[in-house]
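So the chains spell out like this:
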Amino acid sequence: MDRMARQLPRQQSPKDDPSSESIGFLLPLDDLRKSAKSADRFEYSRLSVSVPGLIRLLCLGLLALAGCRPAAAPGAGAPAETLALAWEDFRMAEYNRAARRFQAVVDAAGAGEDAHAAALYGLGATAALRRPDPEPERAREFYEAAVGAAPESGWAAWSLLGLARMLDFEPGSEEPDAAKLRAAYQRVIDAFPEHPAGEEAFILQQGTLVVSLEENDARQAVENLTAYLARHPGSKYTSTIHGLVQDAYGTLEEPEHQFEAALQAMEHRELDPANPKADLAPTYWSLAAFAETNLGDFPSARKFYHLLIEEYPTDQRVYPAKLALARMDRMEAEVRARLLARKGAP
Amino acid sequence: MGRIFSLLRRYYPLLVVLGAYVGALVAVGLNRAEQPGEGQIVIRLGHWQLETGVREAFDRMAADYEALHPGVRIIPQAIPESTYKQWLSTQVIGGTAPDLVEIGRGVVPANLVLAFQTRYLLPLTAFASQPNPYNAGTEFEGVPLRLTMKDAMRSAYVETLQEYMGVPLAQFSMRLCYNRDLLEKLTGRSEPPSDYREFLALCREIQQRMDETGRSYIPIASSKYHFPMWEARVFDPITFPALWEADFGRDGTLGKDELFLAMKGGLLDFHFPPFAARFGMVRDLTPLFQTGFTGLTRDEAVFLFAQQQAVFLPAGTWDVLSLVEQARGKFEIGIMDFPVPGPDDPVYGKVVAGPYYEESMSGFAFSVARTSRHPEVALDFLMFMASRERNEELNRIIGWIPVVRGAAMSPLLRKFEPRLEGIYKAFDVSLGGDTIVKWEQLDSLYQVGQIDYEQMAADYQAFYTGPKGLRDFLEIKRDSKRGRIRNEQLVTGLRARALLADSATAEGGWLKYRTMTAGRIVKPDLGQNRQMQMLAQAEAGEKLTGAYAYRPLARENLERRIAAELAKGEAKPAP
Numbered sequence: 001m002d003r004m005a006r007q008l009p010r011q012q013s014p015k016d017d018p019s020s021e022s023i024g025f026l027l028p029l030d031d032l033r034k035s036a037k038s039a040d041r042f043e044y045s046r047l048s049v050s051v052p053g054l055i056r057l058l059c060l061g062l063l064a065l066a067g068c069r070p071a072a073a074p075g076a077g078a079p080a081e082t083l084a085l086a087w088e089d090f091r092m093a094e095y096n097r098a099a100r101r102f103q104a105v106v107d108a109a110g111a112g113e114d115a116h117a118a119a120l121y122g123l124g125a126t127a128a129l130r131r132p133d134p135e136p137e138r139a140r141e142f143y144e145a146a147v148g149a150a151p152e153s154g155w156a157a158w159s160l161l162g163l164a165r166m167l168d169f170e171p172g173s174e175e176p177d178a179a180k181l182r183a184a185y186q187r188v189i190d191a192f193p194e195h196p197a198g199e200e201a202f203i204l205q206q207g208t209l210v211v212s213l214e215e216n217d218a219r220q221a222v223e224n225l226t227a228y229l230a231r232h233p234g235s236k237y238t239s240t241i242h243g244l245v246q247d248a249y250g251t252l253e254e255p256e257h258q259f260e261a262a263l264q265a266m267e268h269r270e271l272d273p274a275n276p277k278a279d280l281a282p283t284y285w286s287l288a289a290f291a292e293t294n295l296g297d298f299p300s301a302r303k304f305y306h307l308l309i310e311e312y313p314t315d316q317r318v319y320p321a322k323l324a325l326a327r328m329d330r331m332e333a334e335v336r337a338r339l340l341a342r343k344g345a346p
Numbered sequence: 001m002g003r004i005f006s007l008l009r010r011y012y013p014l015l016v017v018l019g020a021y022v023g024a025l026v027a028v029g030l031n032r033a034e035q036p037g038e039g040q041i042v043i044r045l046g047h048w049q050l051e052t053g054v055r056e057a058f059d060r061m062a063a064d065y066e067a068l069h070p071g072v073r074i075i076p077q078a079i080p081e082s083t084y085k086q087w088l089s090t091q092v093i094g095g096t097a098p099d100l101v102e103i104g105r106g107v108v109p110a111n112l113v114l115a116f117q118t119r120y121l122l123p124l125t126a127f128a129s130q131p132n133p134y135n136a137g138t139e140f141e142g143v144p145l146r147l148t149m150k151d152a153m154r155s156a157y158v159e160t161l162q163e164y165m166g167v168p169l170a171q172f173s174m175r176l177c178y179n180r181d182l183l184e185k186l187t188g189r190s191e192p193p194s195d196y197r198e199f200l201a202l203c204r205e206i207q208q209r210m211d212e213t214g215r216s217y218i219p220i221a222s223s224k225y226h227f228p229m230w231e232a233r234v235f236d237p238i239t240f241p242a243l244w245e246a247d248f249g250r251d252g253t254l255g256k257d258e259l260f261l262a263m264k265g266g267l268l269d270f271h272f273p274p275f276a277a278r279f280g281m282v283r284d285l286t287p288l289f290q291t292g293f294t295g296l297t298r299d300e301a302v303f304l305f306a307q308q309q310a311v312f313l314p315a316g317t318w319d320v321l322s323l324v325e326q327a328r329g330k331f332e333i334g335i336m337d338f339p340v341p342g343p344d345d346p347v348y349g350k351v352v353a354g355p356y357y358e359e360s361m362s363g364f365a366f367s368v369a370r371t372s373r374h375p376e377v378a379l380d381f382l383m384f385m386a387s388r389e390r391n392e393e394l395n396r397i398i399g400w401i402p403v404v405r406g407a408a409m410s411p412l413l414r415k416f417e418p419r420l421e422g423i424y425k426a427f428d429v430s431l432g433g434d435t436i437v438k439w440e441q442l443d444s445l446y447q448v449g450q451i452d453y454e455q456m457a458a459d460y461q462a463f464y465t466g467p468k469g470l471r472d473f474l475e476i477k478r479d480s481k482r483g484r485i486r487n488e489q490l491v492t493g494l495r496a497r498a499l500l501a502d503s504a505t506a507e508g509g510w511l512k513y514r515t516m517t518a519g520r521i522v523k524p525d526l527g528q529n530r531q532m533q534m535l536a537q538a539e540a541g542e543k544l545t546g547a548y549a550y551r552p553l554a555r556e557n558l559e560r561r562i563a564a565e566l567a568k569g570e571a572k573p574a575p
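Heads up: the protein sequence lines correspond to chains A and B, in order.
Using my numbering, the first residue of the first sequence is number 1, and each one after it goes up by one.
Using my numbering, the first residue of the second sequence is number 1, and each one after it goes up by one.
FYI, nobody ran anything at the bench for these hints, they're computed from the structure.
Ideal placement from N, C-alpha and C gives every residue a C-beta, glycine not left out.
Errors might be hidden in some of the hints.
Below 35 angstroms or equal to it, Euclidean Cα-Cα: the simulated DSBU-like pairs (lysine-lysine) are [as the list claims (entries may be wrong)]:
1. A:LYS322 <-> B:LYS568
2. A:LYS277 <-> A:LYS343
3. A:LYS236 <-> B:LYS477
Computed footprint of chain B on chain A, listed as stretches where at least three residues anywhere in the stretch have a Cβ under 8 angstroms from a Cβ of chain B [unchecked claim]:
4. 191 to 205
5. 209 to 222
This is chain A alone, in the form it adopts within the complex (with noise of 0.2 angstroms):
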C-alpha cells in the first residue's frame, strides 16, 4: 500500500484551489441586541442595528481578519513543482489555474532561466488551445518571448511549433491556410532542424502536401520524405514518414510502391507495451486486404491474414480473415479453371 501511495499524483481538487480566497466569521449577534437600544437605528429586513452598532461591528470583523492567514499564492513552491501543477491543470483543462501557475514561475524564476521560458511556453499554450475562449493573440506574444527569452533552447523550438500549429485550427476557419502553414513549419525547421519539434514540424509540413491529394504535391512530399529518411535512418519517426509515403504513393495510383512503404510502415512501428488497443491486427488486415485486392499478391495476403489470425486470435477481424482466405482459394480455383479451359487441357 506504502508502494501505491508514493506512485499516485498528487491529489488536487477543486477545493486545494490555492488560489481561492474564503474567509469566513460570525456575526456577533449579542453585539446587535445590544446596540437595537441605541438612537440612530436603520432597518434591514427583521434587523435592526444603530451607527456604533455598525461600526463596532466593521472593527471586529477587521480584527478577524487581521487573524486570517492569508490563501497560498500559486506557485509558492519551487518552479519544477509548479510547472508540473500546472500542466496537470492544464490537462484537467483548468486553464484558469494553469495559467496562473505559469504566471507564477514567470514572476519568481530569473528571466534567463530554464524555468522562465518552460512557463513562458506554457502560458502560450495554454492561451491557444484553451476552450472556450481561446486568446490567439496572447498566445502568439507567449510563444514570442518564450523564443525570445531563450532562443537555443527545446522551449524556443516547441513555442515556434506551437506557433505553427495555432495555425492549423485557427478559431472560426475550418480550413488552414496551407502555404502559410508550411512557411511557419518551415520557420521551425530552419531555426531547429535537429531538435524533434524540427524534425515533426518536417513531418507536419509534408503532411499537408500529402492530404491535399493533388499529384504535383504528392510526387514532391515522396521525394522529401524519402531523401529525409535517407539522411537520417535512425529517426523515431521513421515509421510515421513511411506511412506518409504509403499515402502519397496512393495518390499517384502506384500500388507497388505504396504496399513497399506500408511494408517499412509496419516493420518500423513502434508499440506502446502499455496500451493494449496498440496492435497490428489492423495493420495485418490492411496489408493482406491490400495485397489481395490491389497487387493479386495472394501469397503476401495470405501471410498477413495468417499473422492476424495467429497473434489476434480475438480479435473481430480474425473470422473475416478467414473468409477472406477462403475466398482467395476460390478466385485462384476460378482462374486456373478458366486458364485450363482456354489451353484445353482435362
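The hints should help you fit chain B onto chain A, whose structure is shown.
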C-alpha cells in the same frame, strides 16, 4: 381513551416536532455509527447495481478485506440506476465523491466523458502493468494485472487519454432464457430447437395455445429495452457483407460515413440482400413478441416471463440470477443461444456469412476518485476484488462471469461464454439529426407492422441520399474537424509530461507522445479528403469501386502467376 385522544389533539404540533427531533437524532446516530473511529480509514464505494447478489457480494468482500486490514472500513453505497448519473455528478463537483466510483457507458454524456475522467478520476496505468499483490501464491503471481484479465483490461483503457481509468470486475454477455416447464407444457419439448425455422415454428405453435382465462401465451417477451438485444445478436450481424463493398478505410469495420458514400456511389441500397434479410428477420420475429412491446419497459417484459405468460426472454448475465431467483420454486429456467439462420436456411442462407461475433464485454468497472483521502487504500481494495480468488468469489455470489482468466463460474453461466469468432454489424444509416429522426420514425412503424419493407426502403433511401442526408454527412466531417482541438490539447499535455519526466519514465512518455502524434495529428484530414473526393465522384454520377473489389492490376497479376505455375506444371490445388 377519550382523554388520550384529547391530549393528542391538544398537543399535536408539539408531538410532531418531538417526533421529527427523535427521527433526526436517530438519523444522526446512525450516520455517526458509520463515521470512522479514531485512526480508522473509511473507504466508500458507489455503484448502481441493485441486481440480486451484488450488495451481498460487496458486503462479503468488505468483511474479508476488513479482516485482513483491521484499521479499514469499507462502506458500499448502492444508488438507483435512474439517479446515479445526477448523484455522481453532484458528488464529484462537490468534492464528496466516494473513494471508488463505478463508471460505465452512459454515466456521463459522451461529449463530457474525457473531461470528466481527466478532472475527477485518477489514472491507474502504472498499476495495470504491475502484479496484483493479492495474486501471490497463484498462477498469476508476478503477472501484470492487465494480463490476468480475459480482455487484457482493454475495456478500461481510454485511448484518447492513453491511460487505464478503471478496473473491470466482471464480464457480460447475452443469451435467450426460456421457461422450461412452460415450454414442455405447451409443446411437449423440454429443449427448444436451435434451428431458426424450427424456432419460428415452435413460437407460432406457442402463440396458438391459450391459458385458463382464454389469453394467448406469448412466445417471446420483449420491450424497448430487450429489442436491441435481438438487433445485436440476430438482426444486425447478417448485414456483414456490406463491409466488402463499403469499408473504404480498410480497417475491417464499417463507419456510417462509409455506408453513406457506398449508397451515394451506387454500391449499396436497401435492396442489398443482407439488408433485406435483416429486416425480413425483424418481420419474422416481432409478431411473436407481445403487442405494443416497443412502448414497454424492461420490467414489464420481465413480469410477463416471471408470471409464466411468456416462454422466452432475452437476458444479459447481469439479469440472469435475478430471473433465477424470481423463478425459484415456480419453474426452471433454461438458457439457449439466439437462434440465427444458417447457410442452409431456405430464405436467408445465401446471405449468411457466418455465426455472430461477440466482443468480450468487460464491465462493472471502478475508478478511484481524485478526492479520495486514501487513494492507496481504495486502490488496494480494488486490487483485492480483482484478484483471482476474490474475483471468482465476488462473481459467484452475484451470478456473473468473472473477469479474471481461468476463474471458475457456475454451469449456468458457461452458456454465456462469448463467441469470439464471427461476423458483425455493417449497417448504420443514422448519420445525424435529420436522418436519425427520420430513421427512428420509419423503423418504429416497420417494427410494429404499419409499413412494409418496400415502403420503408423507398422512403428512407430517398431521404438518406438526398439533401438532408448529405447535410448530416457534411456535419459529421465538420464535427470531426472541430474535434481536432481536443487531440491537440491531449498531445500538448503528453508532450509536457514527457519533457518534465525523470529519466526513468521519459522514454515511455515520449513513446506515448509519438504514438498519439502519428495517429491523430500528422494527417487527420487525409481520410476525410479522400471521402470528399469520392463524394464528388458519386455526385457526378460515377459508380464507386467496391472497397474489396479486385482491381484490374490484381486480376492481371493473379492470372499471370497462375499461368506461370501451370506452365511449369505446378497445377497444384490451393493451400
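Structure-based check of all given hints:
no. : hint                  : result
1   : A:LYS322 <-> B:LYS568 : 29 angstroms, holds
2   : A:LYS277 <-> A:LYS343 : 50 angstroms, violated
3   : A:LYS236 <-> B:LYS477 : 31 angstroms, holds
4   : 191 to 205            : holds (count 3)
5   : 209 to 222            : holds (count 4)
Hint check: a violation occurs at hint 2 only; the rest are consistent with the structure.
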